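There are 2 protein chains.
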Amino acid sequence: MRNIKMIVAYDGSRYKGYQKLGDNDMTIQEKLESVLSKMANETIEIIGSGRTDMGAHARGQVINFKTNCIDSVDKIQKYLYEYLPEDIVVKTVEEVDERFHSRYNVKSKTYLYKIDNNKYHSPFMRKYAAHISKKLDLDRMRKASEYLIGEHDFTSFASSKSKKKSNVREIYSINIKENDDIVEIYIEGNGFLYNMVRIIVGALIDVGLKRKAPQDVKHMLESKDRSKSSDTAPAKGLCLWKVKYE
Amino acid sequence: MRNIKMIVAYDGSRYKGYQKLGDNDMTIQEKLESVLSKMANETIEIIGSGRTDMGAHARGQVINFKTNCIDSVDKIQKYLYEYLPEDIVVKTVEEVDERFHSRYNVKSKTYLYKIDNNKYHSPFMRKYAAHISKKLDLDRMRKASEYLIGEHDFTSFASSKSKKKSNVREIYSINIKENDDIVEIYIEGNGFLYNMVRIIVGALIDVGLKRKAPQDVKHMLESKDRSKSSDTAPAKGLCLWKVKYE
Numbered sequence: 092m093r094n095i096k097m098i099v100a101y102d103g104s105r106y107k108g109y110q111k112l113g114d115n116d117m118t119i120q121e122k123l124e125s126v127l128s129k130m131a132n133e134t135i136e137i138i139g140s141g142r143t144d145m146g147a148h149a150r151g152q153v154i155n156f157k158t159n160c161i162d163s164v165d166k167i168q169k170y171l172y173e174y175l176p177e178d179i180v181v182k183t184v185e186e187v188d189e190r191f192h193s194r195y196n197v198k199s200k201t202y203l204y205k206i207d208n209n210k211y212h213s214p215f216m217r218k219y220a221a222h223i224s225k226k227l228d229l230d231r232m233r234k235a236s237e238y239l240i241g242e243h244d245f246t247s248f249a250s251s252k253s254k255k256k257s258n259v260r261e262i263y264s265i266n267i268k269e270n271d272d273i274v275e276i277y278i279e280g281n282g283f284l285y286n287m288v289r290i291i292v293g294a295l296i297d298v299g300l301k302r303k304a305p306q307d308v309k310h311m312l313e314s315k316d317r318s319k320s321s322d323t324a325p326a327k328g329l330c331l332w333k334v335k336y337e
Numbered sequence: 092m093r094n095i096k097m098i099v100a101y102d103g104s105r106y107k108g109y110q111k112l113g114d115n116d117m118t119i120q121e122k123l124e125s126v127l128s129k130m131a132n133e134t135i136e137i138i139g140s141g142r143t144d145m146g147a148h149a150r151g152q153v154i155n156f157k158t159n160c161i162d163s164v165d166k167i168q169k170y171l172y173e174y175l176p177e178d179i180v181v182k183t184v185e186e187v188d189e190r191f192h193s194r195y196n197v198k199s200k201t202y203l204y205k206i207d208n209n210k211y212h213s214p215f216m217r218k219y220a221a222h223i224s225k226k227l228d229l230d231r232m233r234k235a236s237e238y239l240i241g242e243h244d245f246t247s248f249a250s251s252k253s254k255k256k257s258n259v260r261e262i263y264s265i266n267i268k269e270n271d272d273i274v275e276i277y278i279e280g281n282g283f284l285y286n287m288v289r290i291i292v293g294a295l296i297d298v299g300l301k302r303k304a305p306q307d308v309k310h311m312l313e314s315k316d317r318s319k320s321s322d323t324a325p326a327k328g329l330c331l332w333k334v335k336y337e
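Quick note, the sequences are listed as chains A and B, same order.
When we follow the numbering used here, the leftmost residue of the first sequence carries the number 92, and every step to the right adds one.
When we follow the numbering used here, the leftmost residue of the second sequence carries the number 92, and every step to the right adds one.
Please keep in mind that the hints were generated in silico from the structure rather than gathered at the bench.
Among the hints, erroneous ones may be present.
Since the list gives no way to pick out one identical chain from another, each pair is judged satisfied if it fits inside one copy or across any two copies.
DSSO-like mimics (lysine-lysine), calculated; alpha carbons at most 27 angstroms apart, straight line [what the hints assert, rightly or not]:
hint : residue 1 : residue 2
1    : K122      : K315
2    : K210      : K96
3    : K111      : K315
4    : K169      : K205
5    : K129      : K210
6    : K319      : K182
7    : K255      : K166
Note that the structure is predicted; figures quoted are calculated from it, not measured.
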């Protein structure tokens, strides 16, 4: 069987998240599997690099699937472009080694979190950014973000619903940019717990609004207690930006 | 009576354009007038700097209206922010001289036209850019745009529905930028005929795709014949960017 790898972008506004819940449900996985299965005339199950939340977006979600379909990758891409809804777009299709697994082989993931920091929100960003009307102090946020870089136990920054054996993850970088009152936070790490990016952003927002001091983020980490950190930032600001592989 | 000037941004995707058609119709003018009239407890009629087409957007539409309402400009802005739908946002409110008229006093208008030049469209730009999958040659487009700068009779670049006494307008500048396969065309002029920006962009696209030569744009102008120029580019790529006043 062939192993096909695809990079997928989607506007998650209309969907209940990436992960399939049941048949005919509004999830990204369901939409992709249903079109692929029709194309290949066999049941296709896709493996994603990870889930994305209801209302969150992706520019570079990576998925792979095994198939007996003999169509060229170009033909597969054109078929998907024709039959997927216009808010899900397959950007690249390639045939890869049979051992490639889009979840197990992840080397790093980068998320982009967008904040619309205009006093009154931009109508064009309302589905793609969290709106914070009070000005954020980005230097304080950058200071706070330094405490998160490196390998840490991120228990305080994971949803209590997270059921991983270990909550230790490594964050490689956090870059905070601003342009025309839109704040972009890029976070790259070797893996992320359930809601981890959104809770980290929640903490950075608390620091940016001076509700918390930069060093409070250090105490949050050390407490290993979800109730000691910040609120989860809204899903709509979150975008799975890039997944890198070994 | 007070004369109030406002800068308004809107995502035009859901609307039948700026201009009121009838009561309770989905137009920007109708939405604004209905909320303002409720606020002021009198019938408010607004004057816009000009119409925008069905599906076209604005970042800097300027409107003004006369009112007996004595509320502060801050209070007016907050009221509008609360009661307008989230795709129409009033960015500034100020009291101006009674003689200010948002259409008659226009010194220049700038439109931004966005083209998504990715082979497969970006799901995030699908309502805010026209999608052209074949690569555009921007240098050719820049050459063509030079023929349009200055004062010309733009009959070839106006909808045949346009009923102005004179079709002479002056274009001050056309700037074409590209970033990450999104092409942005900024056009500033002293005024624009019906569909003029979209037909100019249609001509630039023809040149960028090598269907036409840059100097063909000169011949189009000289012909003063709508049927000799190009197709009208889609409304969704168009955004009224900025209006300047005397």
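Hints and how they fare:
no. : hint          : in the structure
1   : K122 <-> K315 : neither (38 angstroms within a copy, 50 angstroms between copies)
2   : K210 <-> K96  : between (42 angstroms within a copy, 18 angstroms between copies)
3   : K111 <-> K315 : neither (31 angstroms within a copy, 57 angstroms between copies)
4   : K169 <-> K205 : between (31 angstroms within a copy, 24 angstroms between copies)
5   : K129 <-> K210 : between (47 angstroms within a copy, 24 angstroms between copies)
6   : K319 <-> K182 : neither (40 angstroms within a copy, 37 angstroms between copies)
7   : K255 <-> K166 : neither (39 angstroms within a copy, 50 angstroms between copies)
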